[in-house]
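Read off the chains here:
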Amino acid sequence: MRTIDFVTKESLRRGRKSIAGVLFILLGIGIFVASQTINKALHDRTKEQLLRFGANIIVQPKGEPFDLYSGTVKGEILLPESYVDKIRTIEHQGMLVAVSPKLYERFEIDGKALLVVGVTPEEKKAKPWWMIDNEVLTIEFPQGKEILLGHYAAARLGEDRSQIVLGGETFRVSGVLDETGSPDDFMAFIPLSAMQGLVRKTGMVHLIEVSTSCISCKTMNIYGVAQEMDEVLPPDAQVSTVEQIAKAQMGTLRKVTGLTTAIYLMVLILCGFLLMNYMSSAVDERRREIGMLLAIGMEPRKIQLIFVLKVMAFAVIGGLLGYVMGTGFSVLLGPLVAEAKVSPIISLLPISFVIAIGLGIACSIIPTRRISRLDPVEALREV
Amino acid sequence: MIEVKEVTKTYGDVIPVQDANLQVEEGEFVSIVGPSGSGKTTLLNLIAGLLTPTHGEVIVDGVALHSMSQRDRVAFRRKNFGFVFQAFNLIPYLTGIENVEIPLYLAGIKAKQQRSLARELLEKVGLDDKGNRFPGQLSTGEQQRVAIARALANHPRILFADEPTGNLDRRNGKEVMHYIKELNEKGVTILLVTHDSEMADFARRQIKLVDGRLQR
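So the protein lines, in turn, are chains A and B.
Under the numbering used here, the first residue of the first sequence carries the number 415, and numbering increases by one thereafter.
Under the numbering used here, the first residue of the second sequence carries the number 96, and numbering increases by one thereafter.
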């Protein structure tokens, strides 16, 4: 006999009850792993989705207010297009997803107003969610004398248009974008150079929209990137973060994290209570055995150790199975919940063990303390 | 030698043992008899150090048992006492041989040596071929013999037997008593509690307990 034999033999002989003990830990850890894994997927997906709000930094002429609703600037002051190159010289240029210069002009088409935007291919990078007929844009965008219509802009003008005349020049309709839920739905897009030629503002733009890849990274956030851009651009350019968007982005992420953490903590507390109840029942059920062991000279501390070792074994098995099941559940069902690809997080495995063992020990303190107060005669007589 | 000096045990208004005085010499076989509820088991538990007397003291080999710390008393029991209970109190998830190994494990003997010693002990009680069975797979007589083998594992100087034949039929009961008598002949002091006069006759001395008081 060894101390561990009291644990393994008892657990194996009382298989069903042991499984119940493991299940409580498995449940707690499984939900922890699932919540964390799906949480990360939600973060990633939310970041990706929020990026679709558009650029998160706007470079505009100083004093020209940017209208978030329409996504344009008011007024006639312009910036040189060459500022795009200057922006690309910042220290953290790797964080720049797209630097998209824009020149706007309002045209009348058969008595209907149409806001046309001159853009470069960078616009496509900034808006990877743009689709035509439910498929991601594969065409080179836009080039030569082509025009790409927003969903509602096309509807207003008539879906069957194959070409549109702007300022006397004819542009072939290269496609109609699917609905995006953004101001883009009401706009049309032509190459920036074509727009500059149409409005005779060669080399000039109304604003430059910048999309960054990291909204709230620890090392550098959008405010830091905006600061760097401000430093490399001349004073006539005003760099501002789209604060409302940024706040919404961060607020949403915080809410998602908070909610999943709250759910997880509630489940963990519940599992803790179940485990504590399980351990209390185990001490009660084994009173006679404990009484006999005390009578023949086993020290209460050694008996307590048997119970602690048992809960530790449950914790290791429950922690491992909980990780496997939580990850499996997330990977299989996560895409339905998070609508995004869910990947396993290996670093959660050691964390699962630490939580499981901590939970096990915490929940066995009160039940095992009763052992030291147990009177062997009472324990033997009672059953 | 065991000396019981004016020992009283009370539970509120209930007095299961009152002013008990008793002396048991080394190597004696004493049975404590009396009707059910007369306080026999309480007296045995007081002498074995499992209960603390309300008044009086129990001295074993010159050592006052209840003046020791709980830890020391546990160690003293482990080294000197063996117990046989009416309900056997075998651990159900351990085999017979593993149950016998428990006192050996508590004495710090290595696992391999425990196994061979436990086998020898089971052989002594005629169960060498049933050591790998769980208690539930043994008859009541066999279970009590395993319990006796367990009680002998630490070579106790004093064996406390509380109604060891209470759950056995006459034949098995007598067989168990023969084992106990054999032990006594080998020098082990035996304190037996029984309400069965036939079993009590195995002892060399009988003490009667009525309403918590020892009768001379």
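These aren't lab readings, by the way, just hints derived from the structure by calculation.
Heads up, a few of these hints could be off.
As the list claims (entries may be wrong) - Distance condition first, Cα-Cα at most 30 Å in a straight line; then the derived DSS-like pairs of lysine-lysine:
| hint | chain 1 | residue 1 | chain 2 | residue 2 |
| --- | --- | --- | --- | --- |
| 1 | A | K716 | B | K174 |
| 2 | B | K225 | A | K423 |
| 3 | B | K205 | A | K423 |
| 4 | B | K205 | A | K716 |
Now the hints, each set against the structure:
1. A:K716 to B:K174: Within the cut-off at roughly 17 Å; holds.
2. B:K225 to A:K423: holds, 18 Å
3. B:K205 to A:K423: Cα-Cα ~18 Å, so holds.
4. B:K205 to A:K716: It holds: about 17 Å lies between the C-alpha atoms, which stays within 30 Å.
This entry satisfies every hint, going by the numbered hints stated previously.
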